Amino acid sequence: MFLSRIIVTTFSRSVKNSNYKYDIKLFLSMLSSLLLLTSFNLQAKELFFETSNDQFSLELTAPESPSLNKIYRWKAVLKGSQPLSQISLSDITISGGMLAHGHGLPTQPKALNLTHNNDRQISFDIQGLKFQMWGNWHLQVHVADTQAPLIIEFNLSP
Amino acid sequence: MLRIIICILVLGALGWAGFFNRQQPLSWSDNERATIASLRLADEKTLLQNVIHTGNTVWDDVAAAKLGQQLFFDNQLSKNQAVSCATCHQPSEGFADPQALSIGISTTKRHSPSLLGAAFSPWFFWDGRADSLWAQALGPLEDPAEHGANRLQLAKLIATKYKPQYQAIFGPISDFNHLASHATPLSDNPLWRNNWQRMSVTDQDAVNQVFANIGKSLAAYQSRLIPSPSRFDKFAAQLLTQGSSDILNRTEQQGLKLFISEEKGQCIRCHNGPFLTNNDFQVTGIKDPRLPLGSGRLEGITIALNSEFNCRSPYSSTQDKDTECLELDYAKSSGDELNFAFKVPTLRNISQTAPYMHNGSFDNLQQVLHFYTRAKSQYSDTDVESKRDTSTLSKQSVTHLDIEPLALASEQLIQLEAFLNTLTSPINLDDTWLKKPN
Numbered sequence: 134m135f136l137s138r139i140i141v142t143t144f145s146r147s148v149k150n151s152n153y154k155y156d157i158k159l160f161l162s163m164l165s166s167l168l169l170l171t172s173f174n175l176q177a178k179e180l181f182f183e184t185s186n187d188q189f190s191l192e193l194t195a196p197e198s199p200s201l202n203k204i205y206r207w208k209a210v211l212k213g214s215q216p217l218s219q220i221s222l223s224d225i226t227i228s229g230g231m232l233a234h235g236h237g238l239p240t241q242p243k244a245l246n247l248t249h250n251n252d253r254q255i256s257f258d259i260q261g262l263k264f265q266m267w268g269n270w271h272l273q274v275h276v277a278d279t280q281a282p283l284i285i286e287f288n289l290s291p
Numbered sequence: 146m147l148r149i150i151i152c153i154l155v156l157g158a159l160g161w162a163g164f165f166n167r168q169q170p171l172s173w174s175d176n177e178r179a180t181i182a183s184l185r186l187a188d189e190k191t192l193l194q195n196v197i198h199t200g201n202t203v204w205d206d207v208a209a210a211k212l213g214q215q216l217f218f219d220n221q222l223s224k225n226q227a228v229s230c231a232t233c234h235q236p237s238e239g240f241a242d243p244q245a246l247s248i249g250i251s252t253t254k255r256h257s258p259s260l261l262g263a264a265f266s267p268w269f270f271w272d273g274r275a276d277s278l279w280a281q282a283l284g285p286l287e288d289p290a291e292h293g294a295n296r297l298q299l300a301k302l303i304a305t306k307y308k309p310q311y312q313a314i315f316g317p318i319s320d321f322n323h324l325a326s327h328a329t330p331l332s333d334n335p336l337w338r339n340n341w342q343r344m345s346v347t348d349q350d351a352v353n354q355v356f357a358n359i360g361k362s363l364a365a366y367q368s369r370l371i372p373s374p375s376r377f378d379k380f381a382a383q384l385l386t387q388g389s390s391d392i393l394n395r396t397e398q399q400g401l402k403l404f405i406s407e408e409k410g411q412c413i414r415c416h417n418g419p420f421l422t423n424n425d426f427q428v429t430g431i432k433d434p435r436l437p438l439g440s441g442r443l444e445g446i447t448i449a450l451n452s453e454f455n456c457r458s459p460y461s462s463t464q465d466k467d468t469e470c471l472e473l474d475y476a477k478s479s480g481d482e483l484n485f486a487f488k489v490p491t492l493r494n495i496s497q498t499a500p501y502m503h504n505g506s507f508d509n510l511q512q513v514l515h516f517y518t519r520a521k522s523q524y525s526d527t528d529v530e531s532k533r534d535t536s537t538l539s540k541q542s543v544t545h546l547d548i549e550p551l552a553l554a555s556e557q558l559i560q561l562e563a564f565l566n567t568l569t570s571p572i573n574l575d576d577t578w579l580k581k582p583n
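First to last, the protein sequences are chains A and B.
The numbering of the first sequence is the working numbering, which starts it at 134 and goes up by one.
The numbering of the second sequence is the working numbering, which starts it at 146 and goes up by one.
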């Protein structure tokens with residue numbers, strides 16, 4: 134149940150931000166991703182999120198399905214339309230919360246272990262993530278001083 | 146005549162429908178069942194795997210727990226030889242205090258919460274100023290209003306009265322005979338502070354180590370204070386395995402439905418997990434007219450980050466601080482959400498632990514539920530304006546509220562209270578652990 138909500142949420146968000154032609158390709162790619170992801174998750178219990186804006190695309194991997202009141206480290210891969218060689222840890226900030234409840238994250242997660250994979254791709258960890266309530270969450274990753282954060286949304290349910 | 150007959154028939158049908166409805170067992174959705182499962186106490190073995198024992202390698206050591214039990218009930222761990230941990234955490238009261246504000250050496254600032262399930266929390270005190278159970282235990286010992294003792298006095302007590310037990314667990318202990326009688330860096334007593342400053346760094350460290358071990362022994366004892374399955378847990382087990390259960394009556398089950406409803410009761414937002422707390426800090430807006438404004442978690446986390454006994458300290462028995470001190474390292478330390486935020490308490494044995502809230506201002510559960518159904522900050526603009534002159538508080542900081550009016554009917558409040566009363570059960574320990582040892 135949890136996984137399907139993530140996929141639907143991620144897909145809805147992507148569709149909102151793209152044109153029709155791209156939607157079909159995206160849908161097919163997500164469908165195949167869904168199949169791969171589902172079979173993958175049955176064993177590894179990893180969760181995968183992706184989002185993008187005009188400048189970046191972000192992939193987040195949670196090593197296990199999040200539960201409440203535990204601290205997690207998620208893996209992130211950031212791809213840029215421009216070179217990312219100047220990006221450092223201090224350029225990345227993490228925030229989030231529950232809009233319906235009117236509060237932010239209970240912790241202050243930080244980006245750690247940044248690696249420049251190539252000119253337009255970096256990977257890093259998001260350490261210190263915690264969720265203290267069931268419901269709809271959003272997570273925002275700000276990169277440098279860009280205007281729009283990268284946002285993922287998901288539902289945590291028992 | 147026909148109208149009268151029709152009316153009688155309609156009323157009869159409605160009455161029958163109502164009666165029939167009351168006889169039907171409540172149905173539970175998959176999501177409700179999953180939520181109920183998440184609230185259920187696991188078996189003892191599974192529970193113990195989830196104890197948070199940051200920096201305390203003796204947390205499950207029986208000898209340490211026995212020493213901790215002796216210390217817990219010992220009045221000599223106080224300035225006037227009349228206050229013990231059990232003074233404010235009374236076994237007969239669910240290890241809480243029946244008084245709103247506890248009385249140690251003098252009246253304390255806040256209500257003494259229950260210790261049941263304390264070992265499953267990463268944060269302690271209402272404002273979260275300690276990041277481990279053992280560090281928490283040290284605070285009241287030197288608080289002038291609680292035990293009013295000092296760490297050198299306590300180290301000397303251990304070196305005399307408890308030497309064999311202590312050494313069997315922690316190794317050799319100095320007798321500290323070359324030092325003054327009383328010393329601590331944290332006191333408004335200038336003599337005690339001066340004595341501390343005159344001690345060598347080596348002696349200070351030795352005293353601090355014994356002091357920390359007192360906390361670790363007390364934590365080993367308190368880690369055993371775990372409730373046995375309550376009527377709710379038995380209901381949940383039967384519901385989840387057999388599909389239905391009448392262990393809880395209809396009113397109690399209706400209360401449970403409200404409790405876990407995100408839209409109606411909303412209790413589940415903060416009171417989740419097997420101890421019915423997320424151990425987080427929330428702003429309820431409850432003001433205590435007897436005390437000045439305090440800043441709750443905002444103040445608590447600042448103290449925790451600077452504590453000489455936090456997870457990062459040399460007295461914390463952590464192997465790898467980068468992986469074991471995550472709660473401290475990634476704690477939120479700023480923002481309006483922390484101002485006046487206090488820890489969400491466990492609801493286990495809640496019927497035994499009145500009065501309620503961080504200031505003990507509600508005498509019974511009806512008052513608590515009545516407050517939540519109207520949910521409005523008790524802080525006024527006047528409070529904010531008067532405080533603004535002397536602190537950095539902003540008006541916005543007081544107006545953040547984590548609760549909203551539930552607007553529940555009186556019948557629903559009765560149902561919720563009935564459910565809360567199903568969470569009480571005996572502590573899962575032999576009685577010999579629950580009193581002063583011989």
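Note that these hints are calculated values from the structure, not bench results.
Hints should not be assumed to be uniformly reliable.
Calculated pairs, DSSO-like style, for lysine-lysine (alpha carbon to alpha carbon, straight line, at most 30 Å) [unchecked claim]:
(1) K178/A - K306/B
(2) K466/B - K243/A
(3) K190/B - K203/A
(4) K306/B - K203/A
(5) K243/A - K190/B
(6) K178/A - K466/B
(7) K379/B - K224/B
Quantities reported herein were computed from a predicted structural model and do not represent experimental measurements.
These are the hints, each one checked on the structure:
no.	hint	result
1	K178/A - K306/B	violated (53 Å)
2	K466/B - K243/A	holds (16 Å)
3	K190/B - K203/A	holds (19 Å)
4	K306/B - K203/A	violated (40 Å)
5	K243/A - K190/B	violated (34 Å)
6	K178/A - K466/B	holds (27 Å)
7	K379/B - K224/B	violated (45 Å)
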